[in-house]
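Undergrad: Given next are the chains, with one letter for each unit.
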Amino acid sequence: MPNKLDSLHSSRKLLAFAHEQEAFFYLSGLNCNRYRVNTFTIPTTDILDLITSAKPDCVLIDYQLQGNNGLQIINEIMLIHPYLAVIMVTDHGDENIAVQAIKSGAENYFVKSKVTAKKLDEAIEKAITAKAIQKKDNLRIRALKQNESKLVEKEKELEHTLKFQNLMIESIPEYFFVKNHKFELVAFNSAFKNLYPQDLQEKILGTTTVESYPQEEVDKFLEMDKLALESGYSETYETITFPSGKLRTLLTTKTHFKNSTGEDFILGISRDVTEKELLIQKLTKSNQDLEQFAYIASHDLKSPLNAIVKLVGWIHDDNEGSFDEDTRHNFKLIKNRAKRMTSLLDDLLDYSRISKKCDFPEHVDLADMKNTIVDLVNQPKELILNFPPLTLFIPKLAFQLVLMNLVSNSIKHTNSSFVEVNLSVDNRTAGYVFIISDNGPGIDYTYATRIFEMFETLKPRDEIEGSGMGLAMTKKIIEHYGGYIKLLDAPIGASFEIFWPNIQSPNSEDNNE
Amino acid sequence: MNNKKFTLLIVEDDDVDYFSIKRSLVKRGIENTLVRAKDGQYALDLLHNGEVTSPFIILLDIQMPRMNGFEFLQRLRKSENISSSIVFMLTTSKSEADIKACYEHNVAGYFIKENTGEEFLKIVDLLEGYWKMVHFPKINTEQLQ
Numbered sequence: 001m002p003n004k005l006d007s008l009h010s011s012r013k014l015l016a017f018a019h020e021q022e023a024f025f026y027l028s029g030l031n032c033n034r035y036r037v038n039t040f041t042i043p044t045t046d047i048l049d050l051i052t053s054a055k056p057d058c059v060l061i062d063y064q065l066q067g068n069n070g071l072q073i074i075n076e077i078m079l080i081h082p083y084l085a086v087i088m089v090t091d092h093g094d095e096n097i098a099v100q101a102i103k104s105g106a107e108n109y110f111v112k113s114k115v116t117a118k119k120l121d122e123a124i125e126k127a128i129t130a131k132a133i134q135k136k137d138n139l140r141i142r143a144l145k146q147n148e149s150k151l152v153e154k155e156k157e158l159e160h161t162l163k164f165q166n167l168m169i170e171s172i173p174e175y176f177f178v179k180n181h182k183f184e185l186v187a188f189n190s191a192f193k194n195l196y197p198q199d200l201q202e203k204i205l206g207t208t209t210v211e212s213y214p215q216e217e218v219d220k221f222l223e224m225d226k227l228a229l230e231s232g233y234s235e236t237y238e239t240i241t242f243p244s245g246k247l248r249t250l251l252t253t254k255t256h257f258k259n260s261t262g263e264d265f266i267l268g269i270s271r272d273v274t275e276k277e278l279l280i281q282k283l284t285k286s287n288q289d290l291e292q293f294a295y296i297a298s299h300d301l302k303s304p305l306n307a308i309v310k311l312v313g314w315i316h317d318d319n320e321g322s323f324d325e326d327t328r329h330n331f332k333l334i335k336n337r338a339k340r341m342t343s344l345l346d347d348l349l350d351y352s353r354i355s356k357k358c359d360f361p362e363h364v365d366l367a368d369m370k371n372t373i374v375d376l377v378n379q380p381k382e383l384i385l386n387f388p389p390l391t392l393f394i395p396k397l398a399f400q401l402v403l404m405n406l407v408s409n410s411i412k413h414t415n416s417s418f419v420e421v422n423l424s425v426d427n428r429t430a431g432y433v434f435i436i437s438d439n440g441p442g443i444d445y446t447y448a449t450r451i452f453e454m455f456e457t458l459k460p461r462d463e464i465e466g467s468g469m470g471l472a473m474t475k476k477i478i479e480h481y482g483g484y485i486k487l488l489d490a491p492i493g494a495s496f497e498i499f500w501p502n503i504q505s506p507n508s509e510d511n512n513e
Numbered sequence: 001m002n003n004k005k006f007t008l009l010i011v012e013d014d015d016v017d018y019f020s021i022k023r024s025l026v027k028r029g030i031e032n033t034l035v036r037a038k039d040g041q042y043a044l045d046l047l048h049n050g051e052v053t054s055p056f057i058i059l060l061d062i063q064m065p066r067m068n069g070f071e072f073l074q075r076l077r078k079s080e081n082i083s084s085s086i087v088f089m090l091t092t093s094k095s096e097a098d099i100k101a102c103y104e105h106n107v108a109g110y111f112i113k114e115n116t117g118e119e120f121l122k123i124v125d126l127l128e129g130y131w132k133m134v135h136f137p138k139i140n141t142e143q144l145q
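Heads up: the sequence lines are chains A and B, in that order.
Residue 499 in the numbering used here sits at position 499 of the first sequence, with consecutive numbering throughout.
Residue 116 in the numbering used here sits at position 116 of the second sequence, with consecutive numbering throughout.
So that you can see chain A by itself, here it is in the shape it has in the complex (with noise of 0.2 Å):
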């Protein structure tokens, strides 16, 4: 018979499991249309395969299956498929086993003989629909189980990060603070907490500490907090009175960053380089006063110097013809003294001069550079000078300096008729590669290093007339331009490498003269 339930429910599955085909009496009401019903007297081994391929939107089991073990076979089938519609049937009705029935997970109980197809058909229906709504609202429990754990794991990962990232300003060395836009303080490390009489170190937190003082100081004080909001980074120098009463200098440096919601910050960073500024103090002053008694040495000393020479030379002139061989012996020896402590003076004033001067790269011909070199060298011997013809882009005079300092060395050791010296230029990119040598007797590569240092000669000065700074001198002006110079071991002669590198300005503090 048609019924208003029919265009409701689409076709429902169903299968019905009982221990003989007499059982199944109390389906033959039910709706076909609305129901394709499949009956099984099967062993029940085989019922749970049958459900799992036959997969039915609800099954009927018999209590009396396989010797009342209906409430046995719907324990199983709850264990493979929770959110199957299981209703229980039985001949005979019994409260405890419908109580238990339900307790296995069956919907629904009913005494066959006592069931209408209306109801078993509304029975069904609901047992069906209660089903799927629970599989919805537990999986619904399950996922929102899954959020619930994933959000405590972040939890925990936060705090991780948060305690993690405390530990790093605590162990910042410097004081360390972080100030807002209204130059509030947001965060700051214990280092600088304490840097705050105690009775104000938890109360700075949110304030800008600055508060008490009038407007033109506040403006002062946060001068450079203002100078960092509006061009990135700011930096000073103040000395400041610790609450132990101590005087250190600091240098604060503070940085602008932006948040992702585009909030702005200040981060400062306060060292104390008091030590730094007290050693930058004293190597300027250890500076100045080298540089004076350079001054002075060259000046002053050499004014009584000259007078010296002066005199010796008049006693000399006024009295030849009664000197003996030694007396005149003596006194020529007297005037080599004189020079050589004037020629000593000169060049020490050259060398302390050295890194006050500023000498940019240019270009530089080397056979122009030949020529002067010729010009302004002493020389008693036949001077010849190999130069490759090549520009080279160069300080001009300290290299002109490097080059004559080696050529009359190469003059003064000279053992034969003639000086030649060899220049050999490599331009690699990051600079150029000298090689110079003469046909001299060559220095002993075991002096490779000594004859670098200060006042150092290889021969007795009475021998070869040399202040021995000629080459400390060479040394000092190429490591100034960032190069190097050493000996080379050659089998003749002697051969140095010197390296200059390219640099558009030399390594100079003081730029100005």
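Everything labelled a hint here was simulated from the structure, so no lab data went into it.
Hints should not be assumed to be uniformly reliable.
Here are the simulated distance ranges between beta carbons [claimed, not checked]: (1) B:K132 x A:I315: 28 to 34 Å; (2) A:D326 x B:K132: 42 to 48 Å; (3) B:F70 x A:Q215: 53 to 59 Å; (4) A:Q215 x B:A97: 19 to 25 Å.
Positions of the beta carbon are idealized from the N, C-alpha and C atoms, including for glycine.
Keeping the supplied structure of chain A fixed, place chain B upon it in accordance with the hints.
TA: Showing chain B alone in chain A's frame:
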């Protein structure tokens, strides 16, 4: 040509520099009267007392005690009678400012002592040529008080 002997007033505190000039003059066989003042004040006193006979040339150093070269020059140019004296500077100062200041006080020349020794001979040669060829202003030293 002037054949008269000229007097050289050397205003110089350094003995060696003074002797250098003296010896150079001797070497060149120049017969002249040398008068020495060790500072500017002493030089002025000598001039005012008539102890520097005309014609004379003054060789003036800058760095001296009591009264230095500049002060002497200024006082000289303001004095009566001797204001047009011929003055040559002989100093170690290479400063452009110093050179300019001296010429603004009408020095006849400016020598720089390089301390090489030889230049004193050259200076003496120049001075000799100068007094022989150049006409001097009349300065009556006898009338000075």
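Undergrad: Now tell me if each hint is right for this structure.
TA: Hint by hint, here is what the structure shows:
Our hint of 28 to 34 Å for B:K132 and A:I315 holds, since their Cβ atoms are close to 32 Å apart. Judged by the Cβ atoms, the range 42 to 48 Å given for A:D326 and B:K132 holds: they are separated by roughly 45 Å. As the Cβ distance of B:F70 to A:Q215 is approximately 56 Å, the hint placing it in 53 to 59 Å holds. For the hinted restraint 19 to 25 Å between A:Q215 and B:A97, the CB-CB distance of approximately 50 Å leaves it violated.
When held up to the earlier numbered hints, the structure conflicts with hint 4 and nothing else.
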